[in-house]
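Undergrad: The lines below spell out each chain.
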Amino acid sequence: MSVAKPLPHDAAHLHVTGAARYVDDIPTPAGTLHLAFGMSTAACGTLNNMDLDAVRAAPGVVAVLTAPDLPFDNDVSPSAHDEPLLATDAVHYVGQPVFLVIAETHLQARFAARLGKIDITETKPVFTIEDALAANARFEDGPRIYAQGDAASALDAAENTLSGSLDIGGQEHFYLEGQAALVQPGENGDMHVISSTQHPTEIQHKVAEAIGQPMHAVRVETRRMGGGFGGKESQGNALAVACAVAVRLTGQPCKMRYDRDDDMIITGKRHDFRIDYDIGFDEEGHITALDVRQYTRCGWALDLSLPVADRAMLHADNGYWLPNIRIESHRLRTNTQSATAFRGFGGPQGMLGMERIVDHVAAELGLDPLVVRQRNFYASSGQEIQTTPYGQPVEDFILDDLVAQLAKTSDYDARRAAVAEWNAANPVLKKGIALTPVKFGISFTLTHLNQAGALVHVYSDGSIHLNHGGTEMGQGLFQKIAQVAASRFGVALDAIKITATDTAKVPNTSATAASSGSDLNGMAVKAACDTLRDRMAEHLAQLHQCHPDAVVFAEGRVQAGEADYSFAEVAAMAHQARISLSATGFYKTPDIQWDRIKGHGRPFFYFAYGAAVTEVVVDTLTGENRILRADVLHDAGASLNPALDIGQVEGGYVQGAGWLTTEELVWDDAGRLRTHAPSTYKIPACGDRPDIFNVSLWDGENRADTIYKSKAVGEPPLMLGISALLALSDAVSACGPNYPDLHAPATAESVLASVHKAQDA
Amino acid sequence: MYNFDFEKPESVADAIAALQGEEAQALGGGQTLIPTLKQRLASPSTLVSLKGIAEMQGVCMGDDGSVCIGGATNHATVAAEAGAYPALADTAAHIGDPAVRNRGTIGGSLANNDPSACYPAAALGSGATIVTNARQIAADDYFQGMFTTALDEGEIITEVRFPVPEKANYQKFVQPASRFALVGVYVAKYADGVRVAITGASNDGVFRWAEAEAALSANFSASALDGLSLSGDDMISDLHGTGEYRAHLCAVMTKRAVAAA
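Residue numbers (the working numbering), protein chains in the order written: chain A, 1 to 761; chain B, 1001 to 1261.
In case anyone wonders, no lab produced these hints; they're calculated from the structure.
Keep in mind that a hint or two might mislead.
EDC-like, lysine to aspartate or glutamate: derived pairs with alpha carbons at most 16 Å apart [to be verified]:
no.	chain 1	residue 1	chain 2	residue 2
1	B	Lys1038	A	Asp259
2	B	Lys1167	B	Asp1204
3	B	Lys1051	B	Asp1014
4	B	Lys1038	A	Asp261
5	A	Lys709	A	Asp396
6	A	Lys709	A	Asp699
Each pair of labels, with its calculated beta carbon distance range [said to hold, decoys possible]:
no.	chain 1	residue 1	chain 2	residue 2	range
7	B	Asp1233	A	His15	34 to 40 Å
8	A	Cys686	B	Asp1233	53 to 59 Å
9	A	Pro59	B	Ala1210	52 to 58 Å
10	A	Gly149	B	Leu1239	40 to 46 Å
All C-beta atoms, glycine included, are put in the ideal place defined by N, C-alpha and C.
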């Protein structure tokens, strides 16, 4: 069986040789036109008029469009229909598209776009959380509140109380391949869209609306993305829609890709947060009461902010039993890019808030934070079942065992002692160590999204064509799914052709998001394969007078009674016998239901777990810091492919640590994003990964009935990076008597400020 | 890019002649100028490359024992060949990235006088002499504020002469994304006193820290700097760091440079 094998990514050789095709690599037909947006220069105001004569006169320009030129719907929102492709009467952030240039080349379009003169009467913008609260600028009518027990009374009754506040920065996705789309005209108004998107169906839907056609007229294809990270769940809509509108106008193929600066200025990022908390706890560190307020800047449009903010609330407990908790969530409207999905989807922010809370309690009591963590863990599976703040029983809890194992393999206790010894001897360089756990809920919280489809053909030579609704963004989904198909048919992997995601093959798909790609599409493909296998088995059973269940598909052979065929022979026989060798498969996640207004139900099919230990060193005179070592133990269930899963875990840790350390988004007083290129925005590079980086997978299968008992692995490991921030905090705490109160991202300057806070008498 | 004329003279005299033209601009390694042109922040009609001028290439020793570097010498060459002044060679070895070091020139860097560049600190910290086609300019007179120098129109740096100190060291705190100096401190101890030059920090570009120089001239040790600090008020405050943070780093990096010298 090919599942569980550590096979390389199916396109690895294409990636490393440069032969893998991305949207911008596809040879385009002669006459293809190129698009660029003219952008708002003001963060907030009334759009009076635009003088675009110079744009129209610029070399190579074919047409320039503004909102009134759009033929049908002027909207690219994935949710509330509040995101015009081109601004109408108002602008809402610096970088908002206001006009569209169609030109003969990419550079001509970009240069021309700079020549527009846009007259805006500026009004007072809302930038900060404080601004937004003062102006009551928010989405939904008020804060959402989820609660369990009675936090207020429990706080009053608590032995000890503590309050604090944590700022958490946003994060640029920095996918290697920027946003891109290519649209080619078909006959009779049809469109063929090739898009770098995690959500082809959403692209199809928005394009169809924009060109006034039913969805059947629009076919969207995605072979692969050069990284998505959530940034291509909704942010690709604008490019595909712009291209489709331009194709409709000109009759020529149109392509649009954002230059990196434009990409960073236009598109949404991870939501930044401020989390305020009041904790009640006993002398042993048990958290008896917790009141948490989460404030997040959603940007100018709704996009996916409601489910993101919901997920932050749903991870405000992380792995801890909180009998009395109240979580209040404010979704604030600001004149900035519309914050969007980013790996973890709010979960990381909520979880970081809780890890900070536990860390603060431990510091107050002078206890090892790991001990306080363990004292507050949910009960293990098999013991009394405790519920999350949103009413879901935690039935599969393994963090106590997993953390104990990691503490042992990483030599946590001895290293913590060594760190203390080092810090006693070294006045300038201080070390820190932290072990943090991850419990991440798996399923879309919008329950109806938890479905997937697949289409599988077996050709008469025994080769297999595989298609499903998931998209490949480098994570290895296609390889995992191919392994599933190969295992179901008992054939070698090279019998399987993995094909581009295509709305004409599998319709009405969900985004490849919420870590659900393998879980949902793997099961759908399994269903399709099993349908075909059953048809073949029934035919052979009739021929050879045996039960269909006795027909065995293994190692490229098929045995039925005494007979033994190659898979190809069976395919040819089935074809001769007029048996359909094409089947669809469908899957919907069982056992989930959720009321997001009440904040009660079972939103998640299961939880994925993991933990990381990070050791850092801080230069207390400058705030500079390095990760010295990271040890990770992560739960991928019975892994479909341990090589790919370890890759996801390593990448997740590094991306999470980058979010919380060097990746700093800076807007100026006028609301302009100043960090819009790699020269100003620092993502971790290969050299920034820990020198010692031990990553292992937890040996245990998923208790839930998932594809081969595996677990989702896309988002959860990002939150392993939380240990890097708390290790920095631990190092700073060695500088003085006060709690370091370290905020994220922990840039050198921020760490130095924290050092001074720790030292101040 | 847009159209411009390109000239590559082989002598200083020819270069000066070529620079007499309207909107002619000297081109060193192009590590700043070419991106500037690409962004349309400058649009000279003629670029005059100085890289073909043999007499402006390479490192040699002057009669007075100074290390003399041709104005068109790239950083990698200085790193490899200025061994007689190890701190200078080491500074050159850590400028930018390999591409910058193999293209960028010392003359280009000093003529541009970027407030975050390394060479201005080395030149000012060493009390170097900037030799042009027309005259010799002391470093103290040469740097006149960020992106501003004593160079006249059409004047080019043909050579830079560095007196070799008894001890010297350059400490750079890099901005992690661009690897430019957030603060860089060059400390050099000469028989007649210590010089401390700081780049990256001030709104006025590279500057000498007089109090630190006085303290170190009396006692060349990091502890001599105890209690000395700079105000953040006139420091650069931007997305990479506040003025206060830069002022703090100036003191820390100066101590480190002294300790490492």
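Undergrad: Take a look at whether the Cβ-Cβ distance between glycine 149 of chain A and leucine 1239 of chain B falls inside 40 to 46 Å.
TA: Between glycine 149 of chain A and leucine 1239 of chain B, where Cβ atoms are some 44 Å apart, the hint holds.
Undergrad: Confirm or reject the claim that aspartate 1233 of chain B and histidine 15 of chain A have a C-beta distance inside 34 to 40 Å.
TA: 51 Å, violated
Undergrad: Given the hinted pair lysine 1038 of chain B and aspartate 259 of chain A, is their alpha-carbon gap at most 16 Å?
TA: Roughly 14 Å between the alpha carbons, so the hint for lysine 1038 of chain B and aspartate 259 of chain A holds.
Undergrad: Check whether the Cα positions of lysine 1051 of chain B and aspartate 1014 of chain B lie no farther apart than 16 Å.
TA: 13 Å, holds
Undergrad: For cysteine 686 of chain A and aspartate 1233 of chain B, compare the CB-CB distance with the range 53 to 59 Å and indicate the outcome.
TA: 40 Å, violated
Undergrad: When you check the alpha-carbon spacing of lysine 709 of chain A and aspartate 396 of chain A, does it fall within 16 Å?
TA: 13 Å, holds
Undergrad: Please work out if lysine 709 of chain A and aspartate 699 of chain A have their alpha carbons no farther apart than 16 Å.
TA: 12 Å, holds
Undergrad: Given the hinted pair lysine 1167 of chain B and aspartate 1204 of chain B, is their Cα-Cα distance within 16 Å?
TA: With Cα atoms ~27 Å apart, lysine 1167 of chain B and aspartate 1204 of chain B exceed 16 Å; violated.
Undergrad: Does the Cβ distance between proline 59 of chain A and alanine 1210 of chain B fall inside 52 to 58 Å?
TA: 55 Å, holds
Undergrad: Below or equal to 16 Å on CA atoms is what counts here, so check lysine 1038 of chain B against aspartate 261 of chain A.
TA: Distance ~14 Å between lysine 1038 of chain B and aspartate 261 of chain A Cα, so the pair holds.
Going down the numbered hints, you'll see the structure goes against 2, 7 and 8, while the others check out.
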